[in-house]
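In order, the protein sequence lines correspond to chains W and H. Each residue of the first sequence is one higher than the last, beginning at 1 in the working numbering. Each residue of the second sequence is one higher than the last, beginning at 1001 in the working numbering.
The set of hints was computed from the structure by calculation and includes no laboratory data. Each residue gets a CB set at the ideal place from its N, CA and C atoms; glycine is no exception. Possibly wrong hints are sitting among the right ones.
Derived DEER-like restraints, expressed as beta-carbon distance ranges [said to hold, decoys possible]: (1) H:Glu1126 <-> W:Val108: 51 to 61 Å; (2) W:Pro267 <-> H:Pro1044: 17 to 27 Å; (3) H:Thr1040 <-> W:Glu282: 28 to 38 Å; (4) H:Pro1081 <-> W:Gly252: 13 to 23 Å; (5) H:Arg1077 <-> W:Lys122: 13 to 23 Å.
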Amino acid sequence: MREVAVLGVGLHRFGKTGDEIVGTKSVTELCRHAIDAALKDAGVPWKQIEAVCAASSRFSGGKGWGLNGNDVVEDMGSTGIPVYNMSAGCAAGGNAFNVGYAMVAGGVYDMVLVVGGEVMPKGMIQTSGVEEVTDPEFLRQRCVGMPGPAFWAALARRRMHDFGTSEEQFAKVAVKARKCAVSNPYARFRKEVGIEEVLASPYVSNPLRLFEICPVSNGAAAAVICSAARARQFTAHAVTVATSTVATMQFGDALPRGLAGPVPGGPSLHTEARAAVRRAFELAGIGPQDVSLTELQDNTCYYELAFPEEWGLCEPGAAEHLLETEQTTPAGRMPINPSGGFLSFGEATTAMGVFQIAELTWQLRGQSGGRQVAGARVGLAQTLGLGGNATAAILKR
Amino acid sequence: MSIETTPCVPGLFGELDGRAVLHGSRCAGCNTPYFPRAATCHNPDCGESRMEDCSFGGAGVLWSFSVADFPPPPPHRFDKPFVPYAIGVVDLDCGVRLIGQMTDAPDALRVGARVELVIGALYHEEERTYTSWKFRQIAAAAAGGN
């Protein structure tokens, strides 16, 4: 395996259809903007890209919307290069990065573009497009009616039961996220919010409120990756990829994702996310104590409390104290989502895994301005996607 | 007044001697329960995959719950005007963790309460009542004797 470097990254600022940020731009236009920025950041012309790994939101069975990597390549100029379209729900960006990483590490290509981008449909993500009784998601929605936020809310309420987490503490995660985003020019929401404002926002799914759940957004992210040897021709200080992993859900995962499963003997947690992160630690020879900052998938503020514990970054039940004592801010000892996270960006599904790579890269280069984690040396990124998909990546300098 | 009662999806659940039952399956090799029915066992440590039809029901414990404060998107169906409802995650005594709507108002629920499986109305359409399985919190006094 060859060492792999992140040579350049770029984003299109996230926004909502019709606003002054993204207006009516198509997903291809958003991606072109992000790709142009990444190519410029890398100092590489489009014609030197040897392959594209695209995070595709087009689920099988006609579900999904957005990105098709072939459209991006046609728009940038049809050089005839291979395009890999990766589908893994909200983890697709992480999957695309993983495949690009693996192919550069394995010597198949030397210079690869990873891209994700979305123009999202409005409202709650509709997960089932077909009325088919053999489709578990159809049954879940027809017989029960449990949309995504209600899944998160059930986990959040269980945490309140287990650890005494308060609604104020959930709100504080959102306050912290928005404070970080003030200094992130790519975030959709760049105004601070007070705890009173968060607590005054309506419940989407009690106990989780509007400001505590990420909305859908339009946006795009791109990264140019290459072998470390090739990177040295461009810069002496390239950010390198310590590792990149993908995992899926394990049997016995006790979370209420389908209609039913066995009552678990052990803890109820995201087995795919834990496996991806723990495997990344193992492969990289890097432990939780070495991580300078983490960008994790905070579809809801609940995850910022639960995930660090599920992966061993802190002890179970310790996250609230770390939050209250500001240890999860960029200046704390366990910074979480200094970018502002999904809560400040909104989710442009397939862009998210690549957006995290961009943030880690800027942080490790010391280019993150007011949200910079001082002396950042190691960054952890994690995604979680519908269907039991998860990815992790560790970057270092 | 609705005159006919119809399951919202046929074949998944019913009533037996006045008690709600779910039609699932269980692997006789490793005892893993499935609902809806599964053709094969998904347990990677089970080499047998001996699937048998099995009914689930009875009482259990409310592991957690959430509230649909806004109407879920299709394919969910509901009576208008929309009334927020709670969704329970229940560990049934028969070894199944199951989701379902609660018949109780969200404010009346508490994690850890005893609940039982029932069949209840989900929505009404063209003179028909469409039903699904739901959970009902068992009153503390009544549960005390169980």
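Here is what the structure says about each hint:
Hint check: Glu1126 (chain H) to Val108 (chain W), Cβ distance near 59 Å, so the stated range 51 to 61 Å holds. Checked against the hint of 17 to 27 Å, the pair Pro267 (chain W) and Pro1044 (chain H) passes, with Cβ atoms roughly 19 Å apart. At about 31 Å, the beta-carbon gap between Thr1040 (chain H) and Glu282 (chain W) stays in the expected band of 28 to 38 Å. Against the hinted window of 13 to 23 Å, the Cβ-Cβ separation of Pro1081 (chain H) and Gly252 (chain W) comes to about 41 Å, which falls outside the hint.
Here the CB-CB span from Arg1077 (chain H) to Lys122 (chain W) is close to 20 Å, well matched to the stated 13 to 23 Å.
This entry does not satisfy hint 4, going by the numbered hints stated previously; all others are met.
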